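**Q** One letter stands for each residue in the lines below.
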Amino acid sequence: MANLKINGKTTTVDIEDDTPLLWAIRENVGLTGTKYGCGIAQCGACTVHVDGVAMRSCGVTVGEVAGKDITTIEGLAAGGVMHKVQLAWIASDVPQCGYCQSGMIMAVAALLKENPKPSDNDINDAITNICRCGTFQQVREAIHAAANA
Amino acid sequence: MNQHVKLNRRAFVIGTATAGAGLALGLDLPFGGPAVVRAADGAPEVNAWVVIRPDDTVVIRIARSEMGQGTLTGLAQLVAEELECDWSKVTTEYPTPGQSVARKRAWGDFSTGGSRGIRTSQDYVRKGGATARMMLIQAAANEWKVPATECKVSNGVITHTSSGKTTTYGKVAEAAARLEPPADVKLKDPKDWTIAGKGLKRLDTVDKTTGKMIYGIDVKLPGMLNAAIKDCPVFGGKVKSFDEAKISGMKGVKKVVPVGDSAVAVVADTWWHAKTALDALPIVWDEGDNAKVSSETIAKWLAEGLDNAQPAYVGNQNGDAKAAIAGAAKKVEAVYSYPYQNHATMEPMNATVLYTPDKCEVWCGTQNGEAAFAAALEASGLPAEKVDVHKLMLGGGFGRRGMTDYVRQAVAIAKQMPGTPVKLLWSREEDMQHGKYHPVTQCKLTGAFDADNNLVALHYRLSGQSILFSVRPEALQNGMDPAAFQGVAQSGEAAIGYSVPNLLVEHSMRNPHVPPGFWRGVNVNHNAIYMECFMDELAQAVGQDPLEFRRKLMGKHPKHLAVLNAVAERIGWGTPAPQGVYRGLAQVMGYGSYVAGAAEISVTDGSKIKVHRIVASTDPGYVVNPAQVERQIAGSFVYGLSALFYGGCTVKDGRIEQANFDTYNSMRINEMPKVEAVMVPSGGFWGGVGEPTIGVAAPAVLNAYFAATGKRIRSFPLRNQNISFA
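Heads up: the sequence lines are chains A and D, in that order.
Under our numbering, the residues of the first sequence are numbered 342 to 490, in order.
Under our numbering, the residues of the second sequence are numbered 795 to 1520, in order.
Just so you know, the hints here were simulated from the structure itself, not pulled from any lab data.
Predicted, not measured: the structure shown is a model, and the values here were computed from it.
For each residue, glycine too, the CB sits at the ideal point set by N, CA and C.
It is possible that part of the hints are untrue.
Rough simulated footprint, nothing fancy, chain D against chain A, three-plus residues with beta-carbon under 8 Å [unchecked claim]:
#, stretch
1, 360 to 366
2, 369 to 375
3, 390 to 400
4, 441 to 453
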């Protein structure tokens, strides 16, 4: 049993403490916007916020995040208003297949919270998600647009 | 896309295939007039491509699959262009392959590969839009009792010019659907396009930014269980035994099932439980003789095929290259090789199946709905009218999801649990080690010059794996693979761009046991590297500029030359590069399009490469959405350079060694410069977009690396040469 506070709502799920947060979110809580890509914290497709910090949810266990505030892509829009990163993503038409984009957007939202006007170098250092479609050009453009929004 | 799933499931219930269109559901014959086929919500189909709702919403049917390449939006633009509807009211849906089969393949080919999504269906989907427009106008004219020629349409509003009467598509769709389609349909001149040809926003972006988009991995069905699978790590091996008792008590485990003779799956309440139990399941494999194969044994076997004494299949020939080389004043020879590559789609392979003795339904991402349908048909043993495939958004395709191995497995599992929906998901490790790999090849290139440094002969001898031999043996010609010559063929959609007086291009086929597949760019990838790097070697051998050297051989290939000139001009070839920056270029034709690329790089310590700038040009004939073409070009460079720097799947003891992104890495944002796309569509033909430019990505950078260091790299990936991104 674990109590997970996801997107402001606490859910009790009947799972083992060592279950990766990713699978608890997808299978037990039923929020599928957070994606499985590698399971070894390499690709970033499963990025969520834990107490406001971007984390790769495949690499943390349910036991480690009990009681903490978890935000997934579904909870990024506050009060029905899209986050500025999502709006910039739409304006720049960033996604191709889109599978990595939830994680990419969550990583960028966390970056902008810490560093509201990141330089290209800041982006290079902070955004390490894999995108096999190669949307990087639009990702960079949208990060700057969101920073200036 | 969420909506698409619901729509598709209810859109039409298929009647028996034998009775033809008459049994498509929703058919009504109110007054004995022509039949109207209806969508799930009752809206009439004007034809197979166009459904119009009373509120003027236009639903455009898309048979090809969307996997990020933008085809869904591009095809909708082409239909909407001819339909003259309001683009802001356009939505799309996928017909299912089962529906198409029941309606005599009303939607044509579903296959989405070979950069064919738009170019091989543009004609009939545009006709679908134009036909619907003519029927809608005729319906309004009939209502007004005026000739249709007196009516015009704009943005879905029909106007009778002289009286000023207006109506909308939504109001006349019902009547239009009852009309006979016109026999004579004229398509617009692309010069007059207002919706097609524009960089309109994609239709699927919002759901991809909110987490709402449903991919195959996200499917949920009532009572669904989850399966994890292990196939024999050695291709061609079998399961000898597995000890089910060891895991039967583990949490959530429902069943352990054999899948064919080579795989075992654990079915559990959640995938995490299934995977955890599968990892604990003792499995004994019968690995067979393939366990003796390694990258080294494969390389040795391929190298034997470079020997001219071995038989080879001639793909392109003029003059007598061997004789000309023997008598030449100067000779240049080089041997190149290219490794296996995994597609590594971000979403691992998966499919969800609900099987009962009366129905087999599949939900999956697939690049070829009809191939997935055929696979489900075969694996389920049910007749066509009892099988269907519901297509979902693909988390990447790149050629991998044109294969149906994962669909067959999922059906085989579900068949052992009738009535229970089961989602099969591969772990990343399973996905990396059971791919359909970019094939391995080697190439020996020999060029010969006369005393005046004119290139008089070129012998291009390829040795290695045929994709068609494994994937589509029926496409072989007398056992030989004509597709091996993609990019170096004499003519057709992947023709060589150089004229050499004595030319011999040939292939010695060697098929290792590792299963090959169509990997974005397919055979163009290695052929363009071999040819374009060697062109640079030839230019260097006679002390000529790589661009000028190529130009002299391209006089009879004006389209190839035009794109090469376009990148040369944009990158400033012939003008000084910034301090410490070096340039390289390449050109190739593939998938009906002419493309070229140029790169500016700097190199630190001889081994750390920074790519500063990339310019890529394409002449695909027509550009349907320049914003999406630009994205495809940039993406193809990320895919191609990831393979060049980081890729390469190696074989040890018969199995693939790389298991995840830690050993099969992919480029990140810090390594990728902006790609400047130069579109020079010349019209008169339809070429592809998704793949061609990947061909020039690697050779442009490799030629720049030579310019910077004086070193030729002929074996890949670069990480094996201790060359990396700076």
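**Q** Work down the list of hints and note, for each, if the structure agrees.
**A** Hints versus structure:
Remark: the stretch 360 to 366 of chain A is confirmed as covered by chain D, as 3 of its residues place a Cβ nearer than 8 Å to a Cβ of that chain, reaching the required three. Only residues whose beta carbon comes within less than 8 Å of a beta carbon in chain D count, and the stretch 369 to 375 of chain A has 6; three or more means the coverage holds. A stretch counts as covered by a chain when three or more of its residues have a beta carbon under 8 Å from one of that chain; for the stretch 390 to 400 of chain A and chain D the count is 0, and the coverage is violated. Only residues whose C-beta sits within less than 8 Å of a C-beta in chain D count toward coverage, and the stretch 441 to 453 of chain A has 4 of them, enough to reach three; the restraint holds.
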